[in-house]
Structures are given as structure tokens and as C-alpha cells.
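Asker: Kindly generate the complete structure, drawing on both the sequences and the hints.
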Amino acid sequence: MSPDSTYWMSHAIRVAQRAPESGLRVGVALVSESDELISSAFEGEVPGASWYRTLRGKVQELGAFSAHSIYLTINTLSAAGSFELAELLKEVRIDRVYIGLPDPALTRYLDEDPVTARGHVHRFPEDLQREILEQNQDFYAVSEQNIECNPHYSTHRISESVSSGLKARGFALSREDVNANRGRVALASLICQRYEVEYEKADRVVGDALSEAFDAKYGTYDYAYDARAANAGWTDDFKSVYERSSTRPLSSVSILNVGVGAGYEAAALFSDCPRTTFVDIAARGLANIRRRIPSSRTVVSSAEDLSALPENGFDLYVSLRTYNSSFFSTSAAAAEAHRVLKPGSVIIVSVANGFLYAQRRCVVPGLIIPGTDFVDLYRGMDTANQIGAELDCAGFKDVRMFPTSTEIYLSAVVA
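Residues in the sequence shown are numbered from 1 upward in steps of one, following full-length UniProt numbering.
Any given hint could be a false lead.
Calculated pairs, DSS-like style, for lysine-lysine (alpha carbon to alpha carbon, straight line, at most 27 Å) [as the list claims (entries may be wrong)]:
#1 K167 to K201
#2 K167 to K217
#3 K58 to K90
#4 K239 to K397
#5 K239 to K342
#6 K239 to K201
#7 K201 to K217
No lab work stands behind these hints, which were simulated from the structure alone.
Answerer: Okay, structure coming up:
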């Protein structure tokens, strides 16, 4: 992300700050090819008018019907239920679109949404998304994007567990520190800097804290709170993705399942697959696997370091809902997956893309914005696109995406 784009994102947020507190605070900046501000607007700038109506009027006065980029803090829905950005894009040719957050009223994908229909739309980074949430806290707090609708996710936060685990080991990092350094290397480097310890020790401490945090959250995970509880056919979804990627029966191939959680997926998918190896950073889930599938082989390890496993050893690599985890290096995991798979073998990974609204038994699509209590409707697809790019960089070919009602699958083949 260029420094210029970050500047204009922050500018749009500052513009939004001028909006009346009684309504949704939305800011927008329209920028030229020469990186100069064409015009800006905010919700309520003209009493009773939306940002779109105000900006549209300014554009018409200027005769500026093309722009290099637009920076919009919230992708708003009009009172009629249409996307105001979509209306603007019909009138003004804009090369690049940058979006902060979805409208708090948005709880499902809509056909006319420019973020999903347009193709590649750029997003504000997480720290700026959190600023937008803070500006509009009252509106998002009462929306269905608030994860308090799902007790498991609102009370079990990986960042809090990691912070507590590090503090117990003598390294006091706040939740804010942890959220600002959401990677094992970044956290270990921060500990080295603050406490003047060797990197090897810091890395070991971070690894132990992460293992403990994931074990606590997923080792005894209650699948009654899982979005797949609302999708009885999720196992069929997986099998369909596999059958589009390989003609070999699942029971006949050597499988590496990375990231098993409490063992629910493994038992449902691989109980009849005798050549399966299960890997997880946390021991508790692997113990569940051994009880459910006594013949299984289990390995305590992270997806980013499979050095305990040989090269070219497996026909199928499966990792469900792991690549979107906190403190996860997709590039390192993809490289390791490529190393352990045989030439021509298949990888299938998935991105969780929804949270169960427990009271209504419905799924609100998206992923949690780190460090917040809110789901971003677009984050699942953003994450899937990033993973697809990492698979391509790691040497996989034929990367394909299969969205379902509760997660997004990606499959690829070792080149």
C-alpha cells in the first residue's frame, strides 16, 4: 500500500469526523491522477443529504466526471436499499476504489454491492478500520456484525490469551501490543527489543503462548456455536471440492490434515481414510483425534514448520479454517505445504466466512476485524484472495475458489 493511499484514507476519516454525531459518520475523498484532492464530502454536510448527494453535486459543479481513486470510509446503503457508491460509479469513472467498512446494516451479500461485483477493491488497513468503528461505535454495537451474538467468539479472544500467556512467562505485552504485532516473528522481535533477550528464547516463548491460546480456544471447541451448525451439508461441500480436484477416492490417498482444532472435522471427513496424518500446534485436539481415530498418526507442529515431515510425502493436504487464523504466516504455510506434497498432488484450504448468530440460528458472513468485536462482511473474500495469491507464489497451479454458505474453499495442484 502506497504512502499516498494511506494519506487519503486518513483524510477521509478526518472528513468523516466532521459529520453530525447523531448519524452515521461517513467521509469520502475523490482524488485525481496527479494525487490531488478533487472534492470531499461527509454524511450530513448538507442537512438531510447523504455524502453521495453532496459529492455528486460538487462533481457536477466542477465538471469532474473522472477520477483516479475514491476513498470511502463506509460502503453505505441508501434508504431505498441501494449502494450509494454504486450510484456514483455509474456517473463518475473511477479507476481505484478504497473501502473502509461495510454499512452496519449489511448482513449478507447483495448483487449490486460494488465491493463484490466490481472485482478487486482495495481496503483500508486494520488500524484505520478500527478508527472508523470508533467513530461509529453506537451504530455497529447494535448491528448483527457485533460478535456478542456468538458467546464463544466474544469471550474467547486469541489476542487476550496470548497477552496473558506472555505475561505469565515474564513478558508483559498488552492486548494492543499483541494486536499491533500479529505474527510470531513480529511478537518475538518485540520481546527481544523490550526485554533484551535472544531471539531463540523469545520465539520459543511466543510459540508456547500461541499453542496454549489455541489449545484453550479450540481444543474443547463447542461446535454448537460454529456456523456449520447451520449448514448440515458442509461435509458434502468439502467432498464436492475434492472431487473437482482429484479423481482418486479419498480413502485411497495419503492425507495430511493441518490444523485439527477439537477434531470435529477430522472425524467427520477422514475416519475411513487409513493413511491420514494430523498436525496441530495444540496437543489437546490431537489427543481427541487419537481417541476418535486410534490408527491415526499425529504430530504436534505449526503449519508454518512441518520439518518433522518428509518432502513429497503426501497426495492431499487439507487445512480447514486455519489459514485465516490469528498470528498465521500464509506464505510460510503454503511453502511448507508445497514441500511435503508430491508433484501433481492437491491442496485444499478453507477460510471461515461466517459467524452463527446464536439467537436467530442464522449465519452472518465475514471475519472478525482483529482487536475488535465486529465482523467485516468483506474480510473473508479478501483473505481468500490473499491466500490464492500466496499459493500461486509458493508454486501451486490451477488455483480455484469455491464459496459456500459458511466458508470459502480454495484448491490448487502442485506444479
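Asker: Taking the hints in turn, state whether each one holds.
Answerer: Hint check results:
no., hint, result
1, K167 to K201, "15 Å, holds"
2, K167 to K217, "18 Å, holds"
3, K58 to K90, "16 Å, holds"
4, K239 to K397, "20 Å, holds"
5, K239 to K342, "21 Å, holds"
6, K239 to K201, "42 Å, violated"
7, K201 to K217, "25 Å, holds"
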